[in-house]
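Participant: Here is what each chain is made of, one letter per residue.
Number of protein chains: 2
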Amino acid sequence: MHLRFVEVFCDVAQRRSFSKGAAAHNLSQSSASQAVSFLEKRLGTKLIDRSKRPLELTPAGRVYFDGCRELLERFRAIEDQVQQFHDRVTGTVRVAAIYSVGLMQMEQSVQTFAERYPEARLRVEYLHPDQVCEQVQNDEADLGLVSFPRPSGEIVSLDWQRQPMVLVAPPAHRLASQPSIGLSELDGEDYIGFTRDLTIRREVDRWLKRARVAVNVVHEFDNIETIKRAIEIGSGVALLPSPTVWQEISSRTLVAVPIADSEFFRPLGIIHKRHKQLTAAVQKFIELLQHEAPEPVPGATQAGQADAVGQAPDDRVAGRARGRSRSKRAPV
Amino acid sequence: MHLRFVEVFCDVAQRRSFSKGAAAHNLSQSSASQAVSFLEKRLGTKLIDRSKRPLELTPAGRVYFDGCRELLERFRAIEDQVQQFHDRVTGTVRVAAIYSVGLMQMEQSVQTFAERYPEARLRVEYLHPDQVCEQVQNDEADLGLVSFPRPSGEIVSLDWQRQPMVLVAPPAHRLASQPSIGLSELDGEDYIGFTRDLTIRREVDRWLKRARVAVNVVHEFDNIETIKRAIEIGSGVALLPSPTVWQEISSRTLVAVPIADSEFFRPLGIIHKRHKQLTAAVQKFIELLQHEAPEPVPGATQAGQADAVGQAPDDRVAGRARGRSRSKRAPV
DNA sequence: CTCTAGTATCGCAAAAATTGATAGTAGGCT
DNA sequence: AGCCTACTATCAATTTTTGCGATACTAGAG
Chain S
1 MHLRFVEVFC DVAQRRSFSK GAAAHNLSQS SASQAVSFLE KRLGTKLIDR
51 SKRPLELTPA GRVYFDGCRE LLERFRAIED QVQQFHDRVT GTVRVAAIYS
101 VGLMQMEQSV QTFAERYPEA RLRVEYLHPD QVCEQVQNDE ADLGLVSFPR
151 PSGEIVSLDW QRQPMVLVAP PAHRLASQPS IGLSELDGED YIGFTRDLTI
201 RREVDRWLKR ARVAVNVVHE FDNIETIKRA IEIGSGVALL PSPTVWQEIS
251 SRTLVAVPIA DSEFFRPLGI IHKRHKQLTA AVQKFIELLQ HEAPEPVPGA
301 TQAGQADAVG QAPDDRVAGR ARGRSRSKRA PV
Chain U
1 MHLRFVEVFC DVAQRRSFSK GAAAHNLSQS SASQAVSFLE KRLGTKLIDR
51 SKRPLELTPA GRVYFDGCRE LLERFRAIED QVQQFHDRVT GTVRVAAIYS
101 VGLMQMEQSV QTFAERYPEA RLRVEYLHPD QVCEQVQNDE ADLGLVSFPR
151 PSGEIVSLDW QRQPMVLVAP PAHRLASQPS IGLSELDGED YIGFTRDLTI
201 RREVDRWLKR ARVAVNVVHE FDNIETIKRA IEIGSGVALL PSPTVWQEIS
251 SRTLVAVPIA DSEFFRPLGI IHKRHKQLTA AVQKFIELLQ HEAPEPVPGA
301 TQAGQADAVG QAPDDRVAGR ARGRSRSKRA PV
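Line order of the protein sequences matches chains S and U.
Quick note: the first sequence uses the working numbering, first residue 1, plus one each step.
Quick note: the second sequence uses the working numbering, first residue 1, plus one each step.
Be aware that a few hints might be false.
Identical chains share a label here; the pair holds if one copy fits it or two copies do between them.
[Claimed, not checked] Derived lysine-lysine pairs resembling DSS-like cross-links, with alpha carbons at most 27 Å apart:
1) LYS46 with LYS228
2) LYS284 with LYS46
3) LYS209 with LYS273
4) LYS41 with LYS284
5) LYS209 with LYS41
To be clear, the hints were calculated from the coordinates, so they are not data collected in a lab.
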């Protein structure tokens with residue numbers, strides 16, 4: 001009669017809002033309020049200080065929250081373990097992905113997952129890279145999909161994909177018709193770059209610097225979508241991970257040209273918390289991701305592979321992931 | 001909507017019976033059955049094998065049981081911790097005591113506890129010494145009250161009382177009228193002893209042996225009550241912890257004579273599991289026990305104290321402990 | 001001081017948990 | 001083997017809990 005109440009309390013505490021916490025459980029705000037009241041009455045202690053507007057936890061509430069979070073986690077783990085006896089895969093896999101890892105990168109895995117494990121649920125949320133790490137860190141997501149993964153003490157990273165960087169230009173651009181180009185050909189070119197706070201910007205800068213190439217940065221954006229739009233209107237060219245422009249290439253609005261004389265990939269990684277034991281569902285999803293990565297690309301992008309890069313591998317529109325995956329614009 | 005179910009399952013599993021598990025929760029057997037069914041349906045796994053008559057856990061059930069036991073324990077701990085913020089003492093203290101630690105030894109503590117912490121519950125169960133240890137070991141009791149406590153790896157023991165051993169005889173016995181006697185005076189005496197499996201028997205034997213006294217053991221019983229009855233009908237005398245005969249002494253059916261020339265106490269201890277964090281209620285009860293021990297007796301039984309030993313300190317009949325404390329006969 | 005976003009409270013509707021009665025089973029006994 | 005007994009599962013009815021919508025209340029912003 002009240003494990004659910006504890007869950008609601010935790011969600012309310014986490015979001016610092018009754019309404020939002022309730023929404024997260026598909027409950028009315030009224031219910032959430034009553035649930036917390038119930039716990040408070042039971043414990044004889046106020047858990048939440050409502051006199052502050054973004055509500056605050058009382059000291060007791062903090063203790064209860066921390067304890068219950070771990071408890072719920074552990075309970076999930078136990079249920080999962082028991083279900084393994086019958087190879088039953090249930091529960092929700094919460095994935096936090098950077099904007100540029102769109103469904104395109106995961107579509108196959110998502111679909112296979114939904115088919116193979118109909119009792120499990122998948123929730124994918126697209127976020128800023130920092131937020132992805134944050135959510136994984138705070139146990140708000142089971143898995144994070146990030147670029148240039150940087151394992152730290154608390155976070156483990158599994159290699160996932162290596163996306164070749166290609167030159168992206170409008171079809172009419174002077175470089176667009178070549179089968180491949182050397183990096184030096186970009187010297188002085190008008191260029192649309194990422195903002196400097198993003199790892200990919202720093203990596204690209206290093207790459208160009210090593211090749212002693214200086215581009216003329218005319219714009220900086222923090223997401224790929226905007227960069228592509230800027231290229232389309234002729235503001236300049238950009239170096240982007242090839243899978244992120246498949247769509248535009250297949251619709252002939254942009255052209256991708258492989259870089260011939262220098263290798264550079266954007267590595268994608270799957271991150272998760274180190275000491276958290278992953279549920280079967282999470283493990284299965286990782287397996288699928290690793291197995292069905294659209295482009296393992298162990299080799300490299302070489303001159304003459306232009307066609308291969310230019311081909312969008314699949315035009316099916318993504319079969320929507322189950323659960324509500326906040327559909328935001330999909331930058332970086 | 002289901003923490004209670006988990007509790008019921010654990011109780012059912014522990015008692016290996018739906019009916020008994022249900023009873024332990026004041027539920028109908030029907031409910032218990034449905035509760036377990038619910039969990040099984042939820043997990044998609046049978047937890048209990050009903051085809052065996054004392055029911056058995058399936059492998060999955062075992063895992064679930066172990067996991068949930070720890071979980072519930074932890075949850076209790078969290079709730080307890082939170083309630084401490086307001087010095088609220090709740091929950092149940094489960095005490096397992098050996099037969100001979102009757103209410104007489106605890107009455108004051110029990111009463112004070114009930115008054116001071118009305119929201120807490122106390123359940124005392126009287127058992128065979130081995131069962132006391134077993135219950136503490138298996139987390140079926142929070143505290144054990146035992147004699148000759150022997151702390152082991154898993155069990156911690158706190159000293160509680162030192163009960164002076166006295167000679168107990170019928171009023172008409174030749175030794176009964178003396179203010180005190182020497183141990184050697186018992187040589188050759190008809191004697192009612194404990195059975196050899198009890199620690200107290202072995203300790204008494206050692207004591208007598210060291211004094212080079214040999215008694216004539218005419219009967220052996222595993223509990224004090226029966227020994228007292230045997231003494232009353234004149235079968236012999238016995239060496240017993242003095243508090244265990246207060247009742248008979250005050251009603252003049254037996255006489256206790258202190259031993260003058262040799263000190264011997266039956267030590268009582270409070271045992272609990274080492275690594276289990278005790279709830280506030282348990283801690284408070286321990287405090288009461290230690291503070292209100294009826295006879296701390298730091299010194300010793302000396303000649304001339306006969307009167308003191310002979311006085312039953314209090315004739316009030318014990319105000320019954322709350323919760324159902326199986327009232328069994330009260331041996332050892 | 002008013003306005004807004006966010007909460008508590010109340011009565012009612014919906015969904016449970018619980019029960020008692022009853023049918024079904026495993027294991028012991030003759 | 002077959003009955004008996006002690007348990008357990010199932011079902012329908014009832015009681016209890018939970019959830020919701022409407023409405024009153026409150027902290028903080030402007």
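Participant: Does each hint fit the structure? Answer for all of them.
Facilitator: To see whether the hints hold, each was checked on the structure:
Taking identical chains as interchangeable, the C-alpha atoms of LYS46 and LYS228 are never at most 27 Å apart, the minima being 52 Å within one chain and 55 Å between chains. In this homomeric assembly, LYS284 and LYS46 come within 27 Å of each other (Cα to Cα) only across copies, at 23 Å, whereas the closest approach inside a single copy is 41 Å. When the C-alpha separation of LYS209 and LYS273 is checked against a cutoff of 27 Å, the pair qualifies neither within a copy, at 34 Å, nor between copies, at 65 Å. Proximity of LYS41 to LYS284 under the C-alpha cut-off of 27 Å is restricted to the inter-copy arrangement: shortest distance 23 Å between copies versus 41 Å within a copy.
In this homomeric assembly, LYS209 and LYS41 never come within 27 Å of each other (Cα to Cα): the closest approach is 64 Å inside a single copy and 62 Å across copies.
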